[in-house]
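Number of protein chains: 2
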Amino acid sequence: MSKEITSREQDYSQWYNDLVLKGGLADYSAVRGCMVIKPYGFALWENMRDVLDKMFKDTGHQNAYFPLFIPKSLFEAEEKNAEGFAKECAVVTHYRLKNDTANPGKLMVDPEAKLEEELVVRPTSEAIIWNTYKGWIQSYRDLPILVNQWANVVRWEMRTRLFLRTAEFLWQEGHTAHATREEAIAETQKMLEVYADFAENWMALPVIRGVKSANERFAGAEDTYCIEALMQDGKALQAGTSHFLGQNFAKAFDVKFSDRENKLEYVWATSWGVSTRLIGALVMAHSDDSGLVLPPRIAPLQVVIVPIYKGDEQKAKIDERVLPLIQELKAAGISVKYDDSDNTRPGWKFAEYEMKGVPVRIAIGARDLENNVAEVARRDTKEKASVSLDGIASHIKTLLNDIQEQIYNKAKAFRDANITPVNTWDEFVSVLDNKSGFVSAHWDGTGETEEKIKELTKATIRCIPLDNPQEAGTCILSGKPSTQRVLFARAY
Amino acid sequence: MSKEITSREQDYSQWYNDLVLKGGLADYSAVRGCMVIKPYGFALWENMRDVLDKMFKDTGHQNAYFPLFIPKSLFEAEEKNAEGFAKECAVVTHYRLKNDTANPGKLMVDPEAKLEEELVVRPTSEAIIWNTYKGWIQSYRDLPILVNQWANVVRWEMRTRLFLRTAEFLWQEGHTAHATREEAIAETQKMLEVYADFAENWMALPVIRGVKSANERFAGAEDTYCIEALMQDGKALQAGTSHFLGQNFAKAFDVKFSDRENKLEYVWATSWGVSTRLIGALVMAHSDDSGLVLPPRIAPLQVVIVPIYKGDEQKAKIDERVLPLIQELKAAGISVKYDDSDNTRPGWKFAEYEMKGVPVRIAIGARDLENNVAEVARRDTKEKASVSLDGIASHIKTLLNDIQEQIYNKAKAFRDANITPVNTWDEFVSVLDNKSGFVSAHWDGTGETEEKIKELTKATIRCIPLDNPQEAGTCILSGKPSTQRVLFARAY
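The listed protein sequences derive, respectively, from chains A and B. Numbering follows our numbering, with no gaps: position 212 of the first sequence is 212. Numbering follows our numbering, with no gaps: position 449 of the second sequence is 1449.
I should point out that these hints are in silico values taken from the structure, not numbers from a laboratory. Predicted, not measured: the structure shown is a model, and the values here were computed from it. Among the clues, some could well be false.
[Claimed, not checked] Under 8 angstroms between C-beta atoms, here's a sample of chain B residues computed to sit facing chain A: (1) Cys1034; (2) Phe1042; (3) Gly1060; (4) Ala1064; (5) Lys1080; (6) Ala1090.
Where is the CB? At the ideal position from N, CA and C, for every residue including glycine.
Here chain A stands alone, though its shape is the one from the complex (with noise of 0.2 angstroms):
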């Protein structure tokens, strides 16, 4: 009846590309590691945009645009950052294609349209944005900056997945200039709390807000806020990250203001994403093996209506019930479709729509109407109830804001069954293979120990918890004292 999805026990990552791609998300394309973003992924996407920006702009910043390309030398500026991203970088080396003579209709490059200079197609922004900001900031009056910029970016992963890697990906990236160092930790800090926010109360995903070790700092940063979320499969998932780069910018770009007692400082800097890849993070989070549960908040549509009937005159008197009841739920802000096309039958829609993750679906038959009911299921748990159609709109609108809480309830219950405290390296092994989750653990502190640990067990520390408790104990490899425990986890 419905398109087959493997199951999560069966093989979880081909229940993830099962999901994205017969769920109608995304689709492969001709270019390597480059996804085509179809219709209703997009629509998703435009949803969670939307309320990132009203988020951005409430806290007082502006979008703007930056170029694509990142000439060579600007790249270089900041070494830290351009050594981090070197090897992923796509490089524009000619502008001009000429017909190839030798091949009549096929065109190559042309070698007289060399570029004086290699143009990187943007992995981040930081060095062409700080380039620019040298040129806005003169004095104390011309800061804060506050500008986050809508964008694709480039990083030529050599292994890629929908949505969670891809060559090409879609992002936001802000990037402040300040006049103190406190001023842009507060700002780090203050953005965080913004995409932690957003994760818990709009994607139904609850986060755990942290700080990176060194070893999985953003390269040129001074520290990485992030926020990490647990898939269904007991990996971690990093689902954005807030840096405070220091003045790392401000002196690879030479960019000083005259503060208030007119002496020249280096500037402040923060840059703070998210990307599309949240969107794999929500399917994975909340999906099962019937097809994508999406929380209402996001959800491109939040309810749809199937009407069952046989002939003109059954469904002209389900026409005349329910065309009222799409108005007075589109008037409360409802997403709403009534999907009366005659070429499936119910039993395909009901899957399709299952597929597709809509919160709600009403069925309304000739039956159901002399009774003056609809059957309404919920996505997330399945259930389904009869429901007078007296006041069904505000029962719809109360049952979607359960739908939102439930899906969120159950991924946090979940997450916090999957944080493990284990104070030996055999349990620590054991958690990983037998149980997974996020192992909270002792660790030494160095690079080096971290190190040793990913490559034994694949295992990174994923934060160091905000707010973490203070407590002696003794590193789990090195046997070395420890103040705190951290958070490892195999990750996505």
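Knowing the structure of chain A, use the given hints to seat chain B on it.
Only chain B this time, still in chain A's reference frame:
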């Protein structure tokens, strides 16, 4: 007092650059031919984008996203399209940088990371999209596909101008697929009308709807519809195009569908786009020697309120009256800023908002308060009036509508006065050189004559207006018979 702007009479081109730069719309960047769109300019683009996006959705279109890169072999598949854009293509040839051992701290393109097949940075997306549609279309039930994409594109232009012609620009590109020629043509025309509606009713920019001559068609199209606008210097500007692509791309990418009779047919296509170039058109159509003039319906800020006071006591009294007014304006959907910053004088602020083209300025001083009035200045005509504070919000609302209408009427009167019919070659040249604007003249219909006229005068056929009256005449250049006049102009 204010930043200096070159006058139009002195140097029209410099006037334009001054407005874009000093009005805070855009900035030059370190990348040849690429610009930075500054927050104020981007807010304007966001307003334009949001209106257009709603228009597209209201006409049944959905957004999606396709890869930035197009493999060369796909790019060259539709030969005319490829030929038309080949000379402007930025090409990615490598996917990695590495340390330049000869220059410590510098990077170089890694010669070992050469792509097997070069990737073209999209100058337009027909190729990658039709290669994707091939997988989406099997039967007539899959049609129509009505998809739009908001994206950046790159065309390596040799001479660039901020907004008007940049190597990278932002745009939207609609790409639709249909079962019949008639339906595709109807879509092409419908979207032209959407563009004309947007230009006239939102941008206050009167446009002529028309069809391009064969020489001026989009590469790969069977017909290109366009809207043409007139700038204050008498040059024309193509403000939007909508292409009927026939079956050209379906044939190049082998996209067939089985129709109701189960017969395989090639799919019919359209594409249509407008870009950040529209911002250039907006600036050049309406602005004056004091700065930008922006139509209220798309202005990032519609009303600015400037208090004029001495001392905290006067300020407090003004605040008391202004804050409820702000609430009232906001409740009416009007964007308003209260500029009570104390580090610049009112005169400076007046000049600044004039420069930025804020449609309405309200100034309130202590004496105004005593008289229960405020000074209301409109940007377009620079008229000032003393307006009673009672009911001022509704006055402002009406005023914004008046300004919108007045800006349009002024541009339309100018445009209409600058469509000059001529019947001889001497007249034609004389009008182009002395009056400029659109010249309505007979043409023999051949590409040869058109090319010759362009060589001799730099004027091109802007369009053959829709519903053009048929009228016998003789071609201004060749003297051969002609059945209708067409519009010539020098153009951006």
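Hints versus structure:
no., hint, in the structure
1, Cys1034, "4 angstroms, holds"
2, Phe1042, "5 angstroms, holds"
3, Gly1060, "11 angstroms, violated"
4, Ala1064, "5 angstroms, holds"
5, Lys1080, "11 angstroms, violated"
6, Ala1090, "5 angstroms, holds"
Against the hints set out earlier in the document, violations occur for numbers 3, 5.
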